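Q: Each chain, written out:
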Amino acid sequence: AEDKIKIGVSIWSSTDTLGSEVKRILDSAAETLGVDVVYVDQAHVSEQVTASAETLAMAGCDGMIICNSSSAEMASVINTCTDNKMYLAQFFRVINAEANPTEYEMAKTSPYYVGTVHESEPDNGKRLVQIVCEKGARKIGLMGWEPGDATFLGRWEGYKAGIEAWNAEHPSDQATLLEPQYGRTTSDTGRATAEAIIAANPDIDALIVAGGGGDPLVGAIAAIEGLGLTGKIQVVSTDFLPDLGEKLKAGAMSAESGGHYADPFFAFMLVYNAIRGNYPTSTDGFYEVIFPYMFVASPEDYEAYAKYFTGTELPYYPDEIKAMADYTIDQLKEACAALSVSDVVARHAK
Amino acid sequence: MKSQNIAADSEARSARNLRNARVHNRLQAFLPLIGLLIIVAAFAGLTDGQIVTMRSVRLILSQVYPLMIASTGVFMVMTLGSLDFSQGSILGISSIVISWLSFYSIPLAIVGGILTGAAIGLMNGFFHVSFRIPSFIVTICTMYLFRGLCAYLTTDAPVAAMPSITALNQDWIKLAITAGVLLAAFLVFRFTRIGIDLKAIGAGELAARYSGVRTDLVKVLAFVAAGAITGIAAFVNVVKVGSITSTAGNQFETQILIALVLGGLPISGGAKVRFSNIIIGTLISLILNNGLVMIGLDTAMQQLIKGVIFLAVVALTIDRKSLKVIK
Amino acid sequence: MDWAARFQKLKTNRVIGRFYGLGLLVVMAAFFFAIFKVLTPNNFGSPENLFFYLQSSIIYSVGACGLYFIVVMGLFDFSIGANVVLSSIVGVVFSKSFGYAGLVLGCILCGALIGFLNGFLYIKLNIPSMIVTVGLMLIYESAAYYVAGGVKQMLDPSLQMFGRSPGNILLSFAAFFLTNFIIKHTRIGTYCYAIGSNEYTAKNMGIRVDRQKLIGFVLCHVFVGIMAVLSVSYGTSMTATTGMASMIRNFTPLMGTFFGLTFRKYGTAVPAIIIGEFIIAIIFNGFVALGAPTTVQNIVTGAALLAIVAFTARPQKGAIAK
Amino acid sequence: MAQPILIAENVDKSFGITHAVKHVSLQFERGEIRGLIGENGSGKSTFCSMLCGIYHSDGGRFMLNGKEIRAHNQVDANRAGVSIIVQEMGTLSGLTVAENIFLGNEDRFIRLGVKNTPAMNREAQRLLDEYGFGHIKASLMIDHFHFEDRKLVEIVKATYFKPQVLIVDETTTALSQYGRDELYKIMNATRADNRTVIFISHDLNEVLQHTDHISVLRDGELIDTIPSQSATEDELKRLMVGRELGSRYYRTDYPDETKPLDMVLSVRGVSVPGQLQDVSFDLHRGEILGVGGLSECGMHELGKAVFGASYDRKGSVTLADGTAIRSIPDAIRHSIGYASKDRDNESIIVNDSICDNIVLPSANDLAENGVLMQRKLNRFAGEHADHMSVKMTGIGQFVSDLSGGNKQKVVVARWLGKASDILVLDSPTRGIDVKVKADIYSLMAELRAAGKSILMISEEIQELLGMCDRILIMKDGKINAEFIRSRELGEEDIIAKML
Ligand SMILES: Nc1ncnc2c1ncn2[C@@H]1O[C@H](COP(=O)(O)OP(=O)(O)OP(=O)(O)O)[C@@H](O)[C@H]1O
Ligand SMILES: Nc1ncnc2c1ncn2[C@@H]1O[C@H](COP(=O)(O)OP(=O)(O)OP(=O)(O)O)[C@@H](O)[C@H]1O
Ligand SMILES: [Mg+2]
Ligand SMILES: [Mg+2]
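Residue numbers (this note's numbering), protein chains in the order written: chain A, 635 to 984; chain B, 426 to 752; chain C, 191 to 512; chain D, 85 to 583.
Among the hints, a few may not be true.
Said to hold, decoys possible - Dumping the calculated DSS-like pairs for lysine-lysine here, alpha-carbon to alpha-carbon at most 27 Å:
id, chain 1, residue 1, chain 2, residue 2
1, C, K512, D, K221
2, A, K640, B, K731
3, C, K507, D, K559
4, C, K374, D, K425
As the list claims (entries may be wrong) - Residues of chain A placed beyond 12 Å of chain C at every Cβ, according to the derived structure:
id, residue
5, D637
6, E655
7, A731
8, A733
9, Y738
10, R761
11, E803
12, P805
13, G817
14, R825
15, E829
16, G865
17, P926
18, A957
19, R981
Claimed, not checked - Computed footprint of chain A on chain C; a stretch qualifies when at least three of its residues, placed anywhere within it, have a C-beta under 8 Å from a C-beta of chain A:
id, region
20, 328-341
21, 415-425
22, 431-440
It is worth saying that the hints were derived from the structure and are not from the lab.
Predicted, not measured: the structure shown is a model, and the values here were computed from it.
We put the CB at the ideal spot given by N, CA and C, even for glycine.
Using the sequences and the hints given, assemble the complete structure.
A: This is the structure in C-alpha cells:
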C-alpha cells in the first residue's frame, strides 16, 4: 500500500447531486488507475476549506484537488500543500489574478501548485444570456444560491456582460437584468425565492437560476408551473436535471449549460501526472485547462447527453482513461477542450 | 443498644457511600481524557500510526486553534448553564471587521475584531438578562440576524483582508495566540473570583445571588467575553483564510457545542466543569474528524460513525447526578 | 381602577383575551404589510400575492406546530431538518410504488419512527434532549444519503397535489386543526403543559412523565413528517446532503414555535405560529419586492423576532432564565 | 363501635438520620374531623404525605376501610379515596382552572381520546359555583388568579369527588376569613356525610373549634389523642411542647436590660408589596433579636429585606453610620450575613464544593490585587469549616453530599469567615438534629458575647424564648408585638400575638 498513489478531494459536498456525480467519475478514474482517493466535504465554508487541505495532508495524500469558495483561501491551501509536499490542482475555480494577485503569485511560484481546470464562468454566463435574449427575453430575473460565492460572482459577471453586449447591439430594444436573490441550495427555498421574484416582478420573461446544485432550479420550475407561467417565463440554468429532457419538451426550460462534473476529472489527471513526475511543475507558472460547458437547448441534445453522461455511463471508458493517463499536458488540454455531447457520442458510438 | 448499632451501621454505610461517590466523581472527571486516549489509540491502530506522526500532530493543531479559542469563551457561557448559538455569526462578522481594518493596521484589526465580538456578546447578554429570555432563544435570533449581516456584507465579493496578513499564518503565532487565550482564560477562571462566580451561578443561581455574586453582571460579562474571545478566534481565522465569504463560521456554534460536550462539559454547567474540557473536547472532535478521513471512509459513513461515537461518548461520560431533571 | 389595570383585566377576559392575542398578531402582520406596501405599492401584497406568501409559509408552520409539543415541555430537538430530509426521501421512494399513499404514509411513518427513536434514546440514555438530537441529526443525515443512494429524489409530477393550492392548504390546515385539537382537546396537550410547568408535581398527579415525553417526541416528528410531505411536494425534489446541512431547516420552524410560545398565554398558540410564519414570509417577499437582497431579510427577521420575544416577555423579578 | 375508617399501623419514615415519623399508630373514626397538631418539623406533613403516596414509608401500613392502601402518587390515593390539600402551592401554571381540577382524572370527559373541554369547564364551573367560588372562572388560566383563589381551586380539586379521607395541611394560613369559612363548611359537610377530615393547623383555637378529636405529634412520635370538647389550648400546648425549656441547649442568662446598647442597624418603614407593611425596628450590638410569627406573616421576607435581597423594597435599612443597604453586595460588603430558610436553594450552592461555598462572599477580601490563590482559599475554607467542625472528607467535597446540619454549618462558616458583624439567620435550626442544634445555639451565644448582632427569624417559639434578647412578633406583614427577654415570658404570650 506504501507506493500506491493517494489523491485527496476537497469538495463542498460529496453527497449532493453534483457532488455525487463528481465522486462517481473520480472513483471510476481512481479505480482504473489504481489510485486511492479520499474525500473531505467542506461545505464551502472558508475555514473548513483551508482545514480540508490539512486533513488531506494528514491522511498522507500525495496530491489533492480542491474546489475552493474564494480565491483568498488558496494562499493557505497552497502553503499547506507546499509544506507537506502535496501536489495541488483546483477544479471549477481559478485564482482571480486581478483581485488576488498575491495568491496568483504564490500559485505560480509554488512547485506543488500544478494548475487549474475551470470553465470560463463569465463566458458561460454571457452565452446563456445571449440565448435567452435571442429567444425573446427582455427582463430577466436572477437567482443565485449563496451570496458571495465565487462561481456565482463569475457567472453574474457574465450575465451582466451578456446584457451589455445585447444592449450595445440593440439600442432600441434594451434588455434588463434584475438584482440577484438567493434561493439557497434546496428546492423548497428555491421555489419560495422564485415565487417571490415573480410576485415582485410579474413582467419578467426569463429567469436565470445560476446554479446551486440543481435543487433550486427544480424549485424554480415548480414555482413557474404552479403560477401557470410555463413557457411564458424562460428558464436557463447551469445545472443539469435528471428530467431535463421533459422540461425542455414542455418548454419549462429554455436552455441549460452543464456537464461540468467531468471537470474535476481533468484536475485529477493533472495531479496524478504531476505525482508521477510527468508534468514538471515550474516555479513560475502553472497549467490552466479550460473546460467547455455543454449547452443543451433542445430535447434531442438532452437525449444524447442523458445517454452518455448520466446513469451508469461516464464520458470516458476505463481504457480511454488509461490512455489519457499518459497524455502530455497539451493532449490533455485538447481532450478537455474537445469534450462535448457530440464528442462523447462519437467516441462511444464506436 | 440496638439503635446504637443501627446508627453505627448507617454511619459506616454513609462513609462507604461517600467513598464510592468520591471514586466515582474522580473517575467521571477522567472519563473524557480516557475517551481521548482510546480514540487516539484506535485511530493510531487504524491508520498504521499515521495519526500520531509529528506531521499529523502539527496539522491537527493548526486546525484546532480557532475552535479551541472560541470554545474557551463558550466554556464560560456554558459554565453558567447558558448556551450561545451565535458564535458562528460572531466569527463571520468579526472576521469581516478584521479584514477591513487590516488595511490600516494589524493591532487595530485585532482590537476591532475583539470589540465587534464583544458588542454582539453584549447584545446577547443584554437581551438574555434584562428580559429573562432563555439564552438559546436570544442567541438563535442573533445568529440569524448576524448571519444575514455577514451574507449582506459579502454579497458582491468576499471581504478580503490585506494580502500580507497571511504572512502571519505561522504555527508559532497561532500557537502563541491560542496558548495566550487559554492561559489568560485559565488564570481568570482559576485565580480570580470570576471563575468561582461562574461556577456558582451554574450550580445554583439563586444561592449565588444570596452569596453576593452579581449574577446579572457576571452573566452579561460571560457573553461579552465569549464574543470577544471569538473575536480573537476570528483573527486567527482571517490569518489562515485571508478572505471572508458569506459562509464563514457556518455551523461553528454546533462544532463548539459538540466539542465541549465531548470534552465532558456538563450542559447544565456548574461546578463540575473543568478547564480541561476545552482542550480534550476540541482535540477529540478534530481527531475524530481527521481520523475518519484518514481511514478513507466515504463522507456519509464518516458522519454515521461520528454520530454514534458522539452519542456513545456522551452516554458514557455524562454526569446525570447533578441534573435534577434532564430536559 | 386605573387604565392600565382595566386594560389588563380586559386582556384576561377569556373571549377578549383570545381576541387580544389574535389582534396583536394581526396588527403586527398588518404593520409589516403596510411598511412594504407603502415602500413598494405596485409589486407587493396583492391578494393573490398574499395567498402565495401564505402557501410558502404554512410548510414551516406545520413543523413549528410539531416542535411546539417538545418545546412546551422544556425539551428541544435539533433533528427537525434531518427528519424533513430523511422523511421526504423515504416518502418519494415509497411514492414510486404506492403513489400518494406511499408519499404521505412514508413521510409520516418515517417521521413517527424518528420521533420514537429520539424520545426513546432521550429517555433511556438520560442525555439532555438538545444533545441527543444533535447526535441523531448526524445519523439521520447519513441515513438519508444511503436511502437516496446519492441521487436527487424527484417527486413524480403526477403526485404533486400537496405542493399546490387546494392540496397544501387542506393538508396543512388539517395539521393545524389537529395540533390545536391535541393541545386543547386531549389530555396530551394538558399533560405537556403540566410537565413544562413542573415535572415533579406532574409526576405526583399520576402523569407518566416519560411516556408523555415519548408521545411528545412522536407527535412532534409526525408533524415534521407532514412538513416533509409539504416540503417535497412544494419543492418537487429532495437531495440528501451530509455535513449538518439540515440544521438550517430547523430554524424557520423554530421561529414559528417562538411565536407560539410567546402567545400561548392568550390561548392562541397555533394561530400565532401560523401568523408568525406568515409575517416572516411577508418580510422575505417584501424585501424581494424592494429589490433588496434577501440577505437583508434575515437581518430584519432576526431583529424583529428578538424584539417581539423581548417585548412580549414580562419577566418576573428574580426569575431564573438559563 | 364501628370500624375505624383509617388505621395507621406503626408507620415509620426517616430522611437520612432525621427520624421524621417514629412508628406512629393512629385510628381515625368515620364522620369525624381530626385535628393533627405539633410543632414545626414534628412530622405532620410527612405522615400525611406517606398516606397520599408523595413519600414512601419505611415501615408500617395504612388501612382504609379495612383494606391496605398503597398509593404511588396523589391520583392513586384519590382513587383509593384519600385526598390532600398540600401546604405548598399545588396547582400548575399554564393550565386552566378546570384542567387543574381534573388533572390526572380527565377520563370521565374523554370519549375516544377526545376531551370534551366545554363539558369539563362546565363541570368545573358547576363545582366551583356549588362550593360558592363562582368568581373563579373554570376556563381561565390558573395564572390569572392570586394565591388564595388558587388554594380554593385546590380545595375543590381535593374534595369534589367526595374522598373518604380529606387531609387539610395548613391551608388556612393562606386563606382570608372568607376562604376559611368556606373550608370549614366543606369540612363539616364531609363529616356530616360520614366521611373523615384530617385537619392540620398551628392555630390552636381554630383546631379546638372545628375538630372532634385532636392528635398531637412531637418529634415524630404520637403523644396523645384527646377529645376536643374537653381540651384547652394550654393543655394542647403542654402536649406539643412537652420537654423542659432551656435546660440543655438554650441560653440561661437573663441580663438586666438597663445596660444601654449601641444601635448597629436601623430598619425604617420597610414595605414589600404583598409581604411587608411599614416595618421599623433597631438591632443593637451584642443582641439576639428574634422575629416570630406564622409562616406567612412576612417574617421570612423581612430577613431578605434587611439583607437587600427583596425586590421592590421601600423604606430604608441603614447601618449605625448611616450607610444604606440597598443590595446584597451592599449588605455583604458591610458585614451582614444571611442564612435563608430555603437553605438548599438560597443559602448554599448545593452542587458546588464546600470550599467555594465558604469562600464566595469573602472572595474580594482574599484576593491580592484581584488574584486568588487556591492555596490561600483552601486554607481559609479549611479553617472555617474546621472551626464549625463540619463533618466532611475535605473542603473539595460537594455540599450535596452533606447532611442538613452540616450544610447549615457551612453556611454559618462562610459568614464567620466574612467576619460578619450582623447575622440574619432565618430558621437556622430547621431540619437539624439535636446535636447540631446545640452547636448552633452555643455559637450564637458566643457571637453575641463577642459583640456581634443576630437577627434570628424562627417559627419555633421555644427557640425564640430560649435564645433572644428581644422578640418581635409579626402578623400580616406588620410587627404585632415586642417582648423583652425574661424568665416570666411564656409560649402563650407569644402565641397570643401570632394568631
Ligand atoms: N446525596 C448524598 N450523597 C451521599 N451521602 C449523603 C447524601 N445526602 C446525605 N448523605 C449522607 O447521609 C447522612 C444522613 O444525611 P441527612 O441529611 O439525613 O442527615 P441529618 O440527619 O439531617 O444530619 P444533621 O443532623 O446534620 O442534619 C449524612 O452522613 C450525609 O453525609
Ligand atoms: N424531603 C425531606 N428531606 C429531608 N428531611 C425532611 C424532608 N421532609 C421533611 N423532612 C424533615 O422531617 C421532619 C418532619 O417534617 P414535616 O414536614 O413532616 O413536619 P411538619 O410537622 O409538617 O412541620 P410544619 O409544621 O413545619 O409543616 C423535619 O425534621 C423535616 O426537616
Ligand atoms: Mg408540614
Ligand atoms: Mg438533616
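Q: It remains to establish, for every hint, whether it holds in the given structure.
A: Status of each hint after checking the structure:
1. This hinted pair does not check out: K512 (chain C) and K221 (chain D) have alpha carbons roughly 33 Å apart, beyond 27 Å.
2. Among the hinted pairs, K640 (chain A) with K731 (chain B) is consistent with the structure: their alpha-carbon atoms are about 23 Å apart, no more than 27 Å.
3. Among the hinted pairs, K507 (chain C) with K559 (chain D) is consistent with the structure: their alpha-carbon atoms are about 25 Å apart, no more than 27 Å.
4. A threshold of 27 Å between alpha carbons decides the hint, and for K374 (chain C) with K425 (chain D) the separation of about 39 Å lies outside it, so the pair is violated.
5. At roughly 31 Å, the least C-beta separation between D637 (chain A) and chain C is larger than 12 Å, which holds for a residue marked as non-interface.
6. With a cut of 12 Å on Cβ distances, E655 (chain A) falls inside the contact zone with chain C, its closest approach being about 9 Å.
7. Here A731 (chain A) stays apart from chain C, with its beta-carbon at least about 28 Å from theirs, past the 12 Å limit.
8. Once the 12 Å rule is applied to beta carbons, A733 (chain A) is consistent with being away from chain C; the minimum gap is 21 Å.
9. Every CB of chain C is more than 12 Å from the CB of Y738 (chain A) (nearest about 29 Å), matching its label as outside the interface.
10. Even its closest Cβ contact with chain C, about 25 Å, leaves R761 (chain A) beyond 12 Å, as expected for a residue assigned away from the interface.
11. Non-interface call for E803 (chain A) relative to chain C: holds, since the shortest CB-CB distance, roughly 26 Å, exceeds 12 Å.
12. With a least beta-carbon separation of about 25 Å from chain C, P805 (chain A) lies farther than 12 Å from that chain, consistent with its non-interface assignment.
13. For G817 (chain A), the condition that its CB be more than 12 Å from all CB atoms of chain C is violated, with the nearest at approximately 8 Å.
14. R825 (chain A), annotated as away from the interface, has a beta carbon of chain C within 12 Å; the closest lies near 5 Å.
15. A Cβ of chain C approaches the Cβ of E829 (chain A) within 12 Å, the least distance being about 5 Å, so the stated non-interface status is violated.
16. Listed as a non-interface residue, G865 (chain A) keeps its Cβ farther than 12 Å from every Cβ of chain C; the least gap is roughly 16 Å.
17. With a least beta-carbon separation of about 24 Å from chain C, P926 (chain A) lies farther than 12 Å from that chain, consistent with its non-interface assignment.
18. Interface exclusion of A957 (chain A) from chain C stands, the closest Cβ pair being 28 Å apart, more than 12 Å.
19. The non-interface label for R981 (chain A) is consistent with chain C: the shortest C-beta to C-beta separation is roughly 25 Å, beyond 12 Å.
20. Counting residues of the region 328-341 of chain C whose beta carbon lies closer than 8 Å to any beta carbon of chain A gives 3, which reaches the threshold of three, so the coverage claim holds.
21. Check result for the region 415-425 of chain C against chain A: holds, 4 residues qualifying (beta carbon to beta carbon below 8 Å, three or more required).
22. Coverage of the region 431-440 of chain C by chain A holds [criterion: at least 3 residues with CB-CB distance below 8 Å; count 6].
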